[in-house]
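Work out the full structure: start from the sequences and follow the hints.
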Amino acid sequence: DTEVTQTPKHLVMGMTNKKSLKCEQHMGHRAMYWYKQKAKKPPELMFVYSYEKLSINESVPSRFSPECPNSSLLNLHLHALQPEDSALYLCASSQGLAGGRRTQYFGPGTRLLVL
Amino acid sequence: GQQVMQIPQYQHVQEGEDFTTYCNSSTTLSNIQWYKQRPGGHPVFLIQLVKSGEVKKQKRLTFQFGEAKKNSSLHITATQTTDVGTYFCAGLSGGSNYKLTFGKGTLLTVNP
Numbered sequence: 697d698t699e700v701t702q703t704p705k706h707l708v709m710g711m712t713n714k715k716s717l718k719c720e721q722h723m724g725h726r727a728m729y730w731y732k733q734k735a736k737k738p739p740e741l742m743f744v745y746s747y748e749k750l751s752i753n754e755s756v757p758s759r760f761s762p763e764c765p766n767s768s769l770l771n772l773h774l775h776a777l778q779p780e781d782s783a784l785y786l787c788a789s790s791q792g793l794a795g796g797r798r799t800q801y802f803g804p805g806t807r808l809l810v811l
Numbered sequence: 281g282q283q284v285m286q287i288p289q290y291q292h293v294q295e296g297e298d299f300t301t302y303c304n305s306s307t308t309l310s311n312i313q314w315y316k317q318r319p320g321g322h323p324v325f326l327i328q329l330v331k332s333g334e335v336k337k338q339k340r341l342t343f344q345f346g347e348a349k350k351n352s353s354l355h356i357t358a359t360q361t362t363d364v365g366t367y368f369c370a371g372l373s374g375g376s377n378y379k380l381t382f383g384k385g386t387l388l389t390v391n392p
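Residue numbers (the working numbering), protein chains in the order written: chain F, 697 to 811; chain U, 281 to 392.
Hints listed in this document are in silico derivations from the structure and should not be mistaken for laboratory results.
Keep in mind that a hint or two might mislead.
Unchecked claim - Simulated crosslink set (DSSO-like; lysine-lysine; CA at most 27 Å straight-line):
| hint | chain 1 | residue 1 | chain 2 | residue 2 |
| --- | --- | --- | --- | --- |
| 1 | U | Lys379 | F | Lys734 |
| 2 | U | Lys331 | F | Lys734 |
| 3 | F | Lys718 | F | Lys705 |
| 4 | F | Lys736 | U | Lys379 |
| 5 | F | Lys734 | U | Lys316 |
What the hints assert, rightly or not - Here are a few chain U residues that face chain F, going by a calculated C-beta distance under 8 Å:
| hint | residue |
| --- | --- |
| 6 | Tyr302 |
| 7 | Pro319 |
| 8 | His322 |
| 9 | Phe325 |
| 10 | Gln328 |
| 11 | Lys337 |
| 12 | Leu380 |
| 13 | Gly383 |
| 14 | Lys384 |
Just so it is clear, CB atoms sit at the ideal spot from N, CA and C, and this is done for glycine as well.
Below is the structure:
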């Protein structure tokens, strides 16, 4: 089973709202990722967690705040977003970060619209 | 930084024709992964290539990794309408670099 689940599927929020995106995997993977994907573009890496610790932050604005409560869950807290933050937010996971364990499996994503 | 160039950007074929997309990396890769994203969908993992000169097949799909581990290709034989989507290559360099560098993708459309 290579399933990564994400909720919600769609989200519309105002620029003053606070919302959270959730991601879950039960594959025993120890690395989890957040990506942002604009239309007709490849996914852009935002954050990497390894063993529940933040390993990489790709200079993402502080209005995006990741959280990894446990090895199966990954959250992305959103606050004071801008319209240009509207995109598909993808979660991915991999067994680990080393060598052949880095194959990433993506969830279905959350389509975010910021008004 | 590492860059992965992918061509063509778009490819429209008649059903039954073959299709190929190519990726070239500015640096040597430890492995390359291929993903397919259907319109309105999310990237779905297809395959990972690790060894120099590796060739892998999945039914009508053939994946190659170059001898220098800097280029890769995906070839689809006798395309079907179900092959429609964007195909991304994504390369990983060695060591502690965890970042998967994506090509810009090739959007394949198939005329029935």
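Here is how each hint holds up against the structure:
Using a Cα cut-off of 27 Å, the hinted pair Lys379(U) and Lys734(F) holds, with the two alpha carbons roughly 18 Å apart. Proposed proximity of Lys331(U) and Lys734(F) is contradicted: the alpha carbons are some 32 Å apart, above 27 Å. Between Lys718(F) and Lys705(F) the alpha-carbon distance is near 10 Å, which keeps this suggested pair within the 27 Å criterion. Taken as a hint, the Lys736(F) and Lys379(U) pair is honoured in the structure, with Cα atoms around 20 Å apart against an allowance of 27 Å.
Distance check on the hinted pair: Lys734(F) and Lys316(U) sit about 16 Å apart at the alpha-carbon level, within 27 Å; holds. The restraint placing Tyr302(U) at the interface with chain F is violated, with a minimum CB-CB distance near 15 Å, outside the 8 Å limit. Look at Pro319(U): its Cβ only gets to about 10 Å from chain F, farther than 8 Å, so that hint breaks. Checking His322(U) against chain F by beta carbon gives a least distance of about 5 Å; that is within 8 Å, so the hint holds.
Satisfaction of the interface hint for Phe325(U) is found here, the shortest Cβ-Cβ separation to chain F being roughly 6 Å, below the 8 Å cut-off. For Gln328(U), the interface hint holds, the least distance from its beta-carbon to any beta-carbon of chain F being 5 Å, beneath 8 Å. With 8 Å as the threshold, the beta carbon of Lys337(U) stays out of range of chain F, its nearest partner Cβ sitting at about 18 Å, so the hint is violated. A hinted interface residue such as Leu380(U) counts as satisfied when its beta carbon comes closer than 8 Å to some beta carbon of chain F; here the least separation is about 6 Å, so the hint holds.
At about 7 Å, the closest approach between the beta carbon of Gly383(U) and any beta carbon in chain F falls short of 8 Å, and the interface hint on this residue holds. At a threshold of 8 Å, the smallest CB-CB gap from Lys384(U) to chain F is about 6 Å, leaving the interface hint in force.
Against the hints set out earlier in the document, violations occur for numbers 2, 6, 7 and 11.
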